[in-house]
Amino acid sequence: MSLSIFQNMGLNAMNKVMSNKFHIALYIAPALLLVSVLVFIPLILSGYYGLMDWDGIGAKTFIGLENYITGIQDSKFWDSALHSFLLAVFSTLSLAIYLAVSIILASKIKGADLLRKIYLIPMLLSSVAIAQLWIKVYNPSSGILNTFLRSIGIENPPNWLADPTIVLFAIFIPILWQYAGFYILIYYAALKNIPESLIEAARIDGATPFQIATRIKLPLIKEVVSVTIVLAIVGSLKYFDLIYVMTAGGPNGASEVMASYMYKLAFNSYNFGYGSAIGFLLLIITMIVTVVVRKVTATKERIEY
Amino acid sequence: MGGKKTLTVLSSALAASLLLTACSGSGSEDASSASGETEVKFMHLWPEGSSKKHYDVVNEIIAEYEAENEGVTIDLEVLSNEQYKDKLRVLSTSGDLPDVGMTWAAGFLEPYVGGNMFAPLDDVIEEELSDAFVPGTAEAYALDGATYGLPLELNIVSLYYNNAMFEEYGIAPPETYEELLEVVDAFNEEGIQPIALGNRDAWTGSLWYMYLADRLGGADTLNKAIDRSGSFEDPALVEAAAKVQELVDRDAFVNGFNGLADEEAKSMFMSEQAPMYLIATWDLPNYTTNESVPQEFRDSVDYMNFPTVDGEGDTNSFVGGPGVGLFVAEESEVKEEAKDFAAYFVKAWGEQAVEKAGVIPATKVDAASLDLPQMYIDILDELNNASNITLFADVQMSPDTAQVHLDSIQALFGNEMTPEEFAKAHEDALSKE
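First to last, the sequence lines map onto chains A and B.
Numbering of the first sequence is given in our numbering, commencing with residue 1 and proceeding in unit increments.
Numbering of the second sequence is given in our numbering, commencing with residue 1001 and proceeding in unit increments.
One chain only, chain B, in its complex shape (with noise of 0.2 Å):
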């Protein structure tokens, strides 16, 4: 019967075509070389709808180098942030990365770096970037002798506050810590939170710990604890850990910071209520150029160098780093070509970060030629003047320990650790490694 055929016909195709779905994402992605073009897929994390001005930017740099090199055209795709972090890794695991994209540096490229995901990029540093980068940046991104990321941001991390407030309440911002709980009392007496807070996040409580720790134990005590060639039982670590809750104590930061993701504290202090907030310079365009801000608050907002502590320590010593850089893929079938696109990029991201995009690039930027609100030609000022910059200790850890030290910060934060259980706990941590 003829029914029976065209049942066993439709079921076949049926099935057929499920297994023919299973299998399309595979073909048709290297019909690129038969026309003598050379493609390079570029992935980044600057989507339209989140980061226009840097989406913007980026785009303008790939026309021109596509203009200036013809048979290269630059394949895009933009994710968000956290779908980047996942995707890369689910592309790496099936050796499917993409011939440029970007990394974070430290402790996040060691997975990619060890299971020779990534190309070393020395060669194309040494011949196209000499003496581009801010000193200590790419040097973030080496791993055993060799370079693994170019890197495109750099924040240091400052105390914003808002002068307003301030001076509503006839208070002096303060320049060492003393004057800092000083601070903090006279604004607590007239019930207004001190501190904005988002602890949730854990990396900001850390920005906290590690400023303290610079200032009792100078700029090497930490990055010596963390690749053990000292020890978090340093007395000024566990001093800055007994800081810390001295300030948790004497409600420096807003109720509940341990339940507060960064972005609501952050909107406390632009809502003014909260005046002082410790954050890194890619919030700058939020008191700068953002028109989106009220531009009273904007003009009322001031920045200063964290304080000393006890007398000690040096205020041109800063908590930071870079952030993302580009990396170029070791499986790459068209890596010359990617080497060279990234050197390109990295130095017209250089050029025109700052002023289109408001991000502080890592290459050295020469403020004098630029038209730039006055707070980004200090923080430019400030950066030339550092002595030294600390790698945000989250990032310098390798992640296992990282999560570690921010369970640990939210615990020390929240008075459930001692300074010397918080010490003991990153020792047995990087003791395991």
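Here chain A stands alone, though its shape is the one from the complex (with noise of 0.2 Å):
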């Protein structure tokens, strides 16, 4: 009896705060001033100094939209997007993967929770360490991989970061190596959410295992495959870390995705209005994807259980 007129006072003071303007955009600006800080802010700037000419550090030339311009006729860049989109397409695939596997985890085998402690332990790692692991295993000559394939009688195993050809793939399978962990926990927390009723149901209507995973389960967390989508799909556009460290982006290029271009211009070839550029454009390409993206995995019903 006391407690809820404890409950009712406290509601009505925060219905009162809540009416102030004053106060709602006291609360907002603590995190409002941090967002625009660290993210707005700089990002308006960079699109600016992509307006100059500037070596980062003397004095800056405004020169208009031309570093623009020449980022879209940079061959180099349209190289580098190419990358980075090829790696969207094998993140987005390998998603099915991991559906698959999270719906074999969430089924109620043994062992299920050792296994998906396993999965994760990629997530555990950081970038760095997780690229020097792998320059480990594709060693060209001391390599576990290559030391592999030639105790099973393959002459010439290929000299996987240095061949322009392969080094791409070489690299795309760490890169999802490490986020498996992550979209089979999203997954399988969604898996769990579903009710155990509705699948009993299913099986009372003599419906198969498979067709549980397909007919029940997969259209249940629709909504969630496709913020996984976007996810992949934006995450591999501005993918860098992995790639500066085992590559940085070469040989020649053959590994170069749109951030590792973007850090080489502007660090590298002390090119900071240009890079500042390229920046940008990777913003509005993002953009522009992570909409047509949302665009098309969106669901118009909500799902409630």
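The hints are simulated quantities; they were obtained by calculation from the structure and are not laboratory data.
Since the model is a prediction, treat every value here as computed from it, not as a measurement.
Positions of the beta carbon are idealized from the N, C-alpha and C atoms, including for glycine.
Treat the hints loosely; a few may be bogus.
Here are some of the chain B residues that sit facing chain A, going by a computed Cβ distance under 10 Å [stated by the list, open to error]:
#1 Asp1086
#2 Glu1126
#3 Leu1129
#4 Asp1201
#5 Gly1259
#6 Leu1260
#7 Gln1273
#8 Asn1316
#9 Leu1406
#10 Gly1414
Here are the simulated DSS-like pairs of lysine-lysine, each with C-alpha atoms no more than 27 Å apart in a straight line [what the hints assert, rightly or not]:
#11 B:Lys1432 with A:Lys60
#12 A:Lys192 with A:Lys108
#13 B:Lys1087 with A:Lys60
#14 B:Lys1087 with A:Lys238
#15 B:Lys1087 with A:Lys136
Since each chain comes alone in its own frame, lean on the hints to assemble the complex.
Next comes the structure, spelled out in structure tokens:
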């Protein structure tokens, strides 16, 4: 009894605070301040720097849209964009595998808990550690991969990170491996959220486990799937760290992605203006793709259990 | 009601504290001059963890300097190489450079000098350091007639080889390029990858190209091509690029060299998987004094000057150059003290660097008076007899062109570019400047 009185008082006070516009602004201010200082202002600034001929140190000269025009005509930029899109395609396709794994994990098999933790391990490692690990795996002379290939009789196993025709795919593997645990965890949580009664009902109606997976579970977690697709695509387009550590975009640009190209221009070539312009183009491309993907994967009706 | 007031106070305190933390970086820095003390800020890139010996020598020099100059304190900040580069750039944009710091030669300097960040140091050299530097080293820090850096290191590149491996297979160390090709074939027949090369970093491959260019075209051809009084389409330079591909086609370099970092190539050489390795004198401690490298390996390593090619070339001509040097910030409020400290540091470093840290300084060294491993004495001798030292190409070039050079080197070594296309890529990049 007395408890509910206190609750009511609290609610009243809350309502009073929330009805005051000044207070609302005050509550939003800290977060808004942080987001604008750390995200929006740098964002606008880099778009602005893109209008400059600037080495990052000396004086800036305003050159209008020249950097952006050069960027649009820069074949190296489009090569790197192609690589980024390839990564996005592979990341999205690999989601199907993660989904399958999580459906199996969520269906009460033995040791599911342990397996789930094992899948999560790559998530716990830092990108640089993963990169170093895979550099060792791919080492053409003493790496575990080529040692294995030689032991089963392949005389000249590929030089994974040195061969421009395969380096990109060689790098994709650790990237996909790195995020597997993350997506499996998301799917697993979503699947666990499905009420047991629905599955029970399906089973009584005589549905096979495969039918339950594709006809019941999958439609029910559609929203989550569409969110992960956006995450995978956007994450791929701006991907940087593993590639930077493992090949730095080489050999001769064969594994360059948009973000690593931007870094190279700004920090290695001391072409900060042009690098900023590329960064801004990257932002625009990512935004367009996000909007399109959201449109395509949008679900009409909300699912409520 | 009291509750509402408290909320308001609390939330505004929160907002205020956010604002305060955002500004707190800029206060409390100019407190030094009040007590008559002068504070010189010094930033270097030899952290205790990775360069213990360098770090110790620096601290000793600073302690000595502070003892001799009362009222002057050196405020030290130490960062690792890449972090150092990033921080220097960030500080420069906010006009907050340390009074004394480290810079690299030639191309690296350009933007800083262009932005009037570094002070010219010709007066310091004239007054306190005249005739102190090995010829050609301080010049690498000169731009438009003024010198902006006092070099601390000097490195030359030699071909190091594992004598024990050569003896084991009865192969004699090569003296000419033609013999080098035979040696390569001989090792390949034994199933040993002949030359350790980590070309992911590309400057490593550039060393091979530069030496071949030097031997074929003489000391000046490459320099002239870079400073635009010559051309990369010079027959000698195209031929040098062709020789690179000849080596690649003969399987001279370890598998997948274009994907290996220099560190990985180094470890192949040091674990006796590959008998030859072209590298600069900064690696000398590994072959002489470094206790963590097995004694047996250190004893078996020897070096040679890069061989002649087609019977041409001067083996006393070297690829190399000064590493880091000291700059003094143009905007420094204690410029005179900073210059004084920089000059003192260079002199003291020159006296102590070889013996204590294994670094060959850019100042002249009297090898006879020092207790040094034989290989150091030999290399210092080579330096005294050097007819020419060509500065690393990627350092000579402006950062923009250097990137093109490094990318092209990878493509050339990967047979993705013909020697003619290699020359053209350089010509295109240089003509844009």
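Going through the hints against the structure:
1. Asp1086: At about 8 Å, which falls below the 10 Å cut-off, the nearest Cβ of chain A leaves the hint on B:Asp1086 intact, so it holds.
2. Glu1126: violated (27 Å)
3. Leu1129: violated (27 Å)
4. Asp1201: holds (8 Å)
5. Gly1259: Holds - the Cβ of B:Gly1259 comes within 10 Å of chain A, reaching about 3 Å at its closest.
6. Leu1260: holds (7 Å)
7. Gln1273: With a closest approach of 7 Å, the B:Gln1273 hint holds.
8. Asn1316: With Cβ-Cβ at 33 Å, over 10 Å, it is violated.
9. Leu1406: Check passed: Cβ of B:Leu1406 comes within 9 Å of chain A, closer than 10 Å.
10. Gly1414: With a minimum Cβ separation of about 5 Å from chain A (threshold 10 Å), the hint on B:Gly1414 holds.
11. B:Lys1432 with A:Lys60: Measuring from Cα to Cα gives roughly 19 Å; hence the hint holds.
12. A:Lys192 with A:Lys108: Distance of about 10 Å is within 27 Å: holds.
13. B:Lys1087 with A:Lys60: Distance ~20 Å between B:Lys1087 and A:Lys60 Cα, so the pair holds.
14. B:Lys1087 with A:Lys238: holds (24 Å)
15. B:Lys1087 with A:Lys136: This hinted pair is violated, its Cα atoms lying about 30 Å apart.
Figure legend: structure checked against the earlier numbered hints; hints not met, in rising order: 2, 3, 8 and 15.
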